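S.K.: Sequence:
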Amino acid sequence: MVVTVLLWLLAAASIKTGRPQIARRALNIAESKLLKDNWPEYYDGTTGRYVGKQARKFQTWSIAGYLSARMMLDDPSHLGLVALEEDKHLQPLLKRSTSSTF
Numbered sequence: 003m004v005v006t007v008l009l010w011l012l013a014a015a016s017i018k019t020g021r022p023q024i025a026r027r028a029l030n031i032a033e034s035k036l037l038k039d040n041w042p043e044y045y046d047g048t049t050g051r052y053v054g055k056q057a058r059k060f061q062t063w064s065i066a067g068y069l070s071a072r073m074m075l076d077d078p079s080h081l082g083l084v085a086l087e088e089d090k091h092l093q094p095l096l097k098r099s100t101s102s103t104f
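In the numbering used here, the protein residues as written are 3 to 104.
Hints listed in this document are in silico derivations from the structure and should not be mistaken for laboratory results. Source: prediction; values computed, not measured. Please note: incorrect hints may appear among the correct ones.
Distance condition first, Cα-Cα at most 30 Å in a straight line; then the derived DSSO-like pairs of lysine-lysine [stated by the list, open to error]:
1. K35 / K55
2. K35 / K59
3. K59 / K38
4. K55 / K38
5. K18 / K35
Let the sequences and hints guide you as you build the complete structure.
M.R.: Right, dumping it as structure tokens:
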């Protein structure tokens, strides 16, 4: 099973390990299928060829996963938005608001 929402995590891990070509290849495959298949949650089968029987279509997390992965590959400085275990010593790029009003 191939879960499309996890593309961002694959991109982050492949960039962190110095092998961005892995994520580029996955995104090239995803780009050829996701739009045509209406952005499903996941693909079934040993090769991830078929849209899952229970997969919902037009899923925002599938689109967000793809866009996040594309952003990280286009500009690896965006990798800082993803906190990985060994990066705990780094300061977060985004700070929580101290305002009590919403």
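S.K.: Does the structure keep K35 and K55 at a Cα separation of 30 Å or less?
M.R.: The hint holds at about 16 Å.
S.K.: Sort out whether K35 lies within 30 Å of K18, counting only the CA atoms.
M.R.: holds, 26 Å
S.K.: Does K35 pair with K59 here, judged by a C-alpha cut-off of 30 Å?
M.R.: holds, 13 Å
S.K.: Check whether the Cα positions of K55 and K38 lie no farther apart than 30 Å.
M.R.: holds, 17 Å
S.K.: For the pair supplied as a hint, K59 and K38, confirm whether the alpha-carbon distance does not exceed 30 Å.
M.R.: holds, 11 Å
Of the numbered hints given earlier, the model fails none.
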